[in-house]
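Protein sequence lines, in the order shown, are assigned to chains P and A.
Take the first sequence: its position 24, counting from 1, is numbered 24 in this note's numbering, and each next residue is one higher.
Take the second sequence: its position 92, counting from 1, is numbered 92 in this note's numbering, and each next residue is one higher.
For the record, the hints were derived by calculation from the structure and aren't laboratory data.
Think of the CB as a built atom: it goes at the ideal place given N, C-alpha and C, for glycine as much as any other residue.
FRET-style restraints, in silico, Cβ to Cβ:
#1 A:D18 to P:E20: 44 to 54 Å
#2 A:T112 to P:P75: 39 to 49 Å
#3 P:P109 to A:T112: 32 to 42 Å
#4 P:K9 to A:D56: 27 to 37 Å
#5 A:T112 to P:I56: 32 to 42 Å
#6 P:S26 to A:P8: 28 to 38 Å
#7 P:K57 to A:T101: 16 to 26 Å
#8 A:D56 to P:S30: 12 to 22 Å
#9 P:E20 to A:T76: 37 to 47 Å
#10 P:Q42 to A:N51: 21 to 31 Å
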Amino acid sequence: AQRVTQPEKLLSVFKGAPVELKCNYSYSGSPELFWYVQYSRQRLQLLLRHISRESIKGFTADLNKGETSFHLKKPFAQEEDSAMYYCALSPSGYSTLTFGKGTMLLVSP
Amino acid sequence: GAGVSQSPRYKVAKRGQDVALRCDPISGHVSLFWYQQALGQGPEFLTYFQNEAQLDKSGLPSDRFFAERPEGSVSTLKIQRTQQEDSAVYLCASSPLTANTEAFFGQGTRLTVV
Numbered sequence: 001a002q003r004v005t006q007p008e009k010l011l012s013v014f015k016g017a018p019v020e021l022k023c024n025y026s027y028s029g030s031p032e033l034f035w036y037v038q039y040s041r042q043r044l045q046l047l048l049r050h051i052s053r054e055s056i057k058g059f060t061a062d063l064n065k066g067e068t069s070f071h072l073k074k075p076f077a078q079e080e081d082s083a084m085y086y087c088a089l090s091p092s093g094y095s096t097l098t099f100g101k102g103t104m105l106l107v108s109p
Numbered sequence: 001g002a003g004v005s006q007s008p009r010y011k012v013a014k015r016g017q018d019v020a021l022r023c024d025p026i027s028g029h030v031s032l033f034w035y036q037q038a039l040g041q042g043p044e045f046l047t048y049f050q051n052e053a054q055l056d057k058s059g060l061p062s063d064r065f066f067a068e069r070p071e072g073s074v075s076t077l078k079i080q081r082t083q084q085e086d087s088a089v090y091l092c093a094s095s096p097l098t099a100n101t102e103a104f105f106g107q108g109t110r111l112t113v114v
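Could you put the whole structure together from the sequences, leaning on the hints where they help?
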């Protein structure tokens, strides 16, 4: 069975500081990995997916198959980045998502 | 509407009561998912529809939970004889088709069983 682990419940940084939200996964095949974000009073929405290799709102995430990790990074955090971030996994060719427990990112001025 | 719509947004049920939660997916979306999110946890998969076919219901926690999507559009999640442990946010998501396309989520229904 697949599992997604986000070891930090809360990450608090100052504006302009680098951010890394950790995500580790376990799955026997080659999964697709995603980061979803939920801003205050808004619905859960896709931030980025590893197959797109894109940078959204300054965030990037690299899939490391050797370490089974998919950490989310941003070099300079902004206050508007404060939100709940969920790492999620989908088995190849099947779109049901397995989520981690989430990490709350708080960016202070 | 442009997004996934869920109703009601909030539901308080007395223990033992039956509840029905509705999801209106984005028009034309083939895939529809239900997730349960307990307080402080990530969403957990309940069930998956492709059009009107329920292809996976492995996440439903008990036979008190039942979901349907009879015409391949609107879906209803029904919980019979609610219990306190059913208290959670129930999320619905839809996507155009399988194979790792983006899932669009609704605002959720917060169910509180008292």
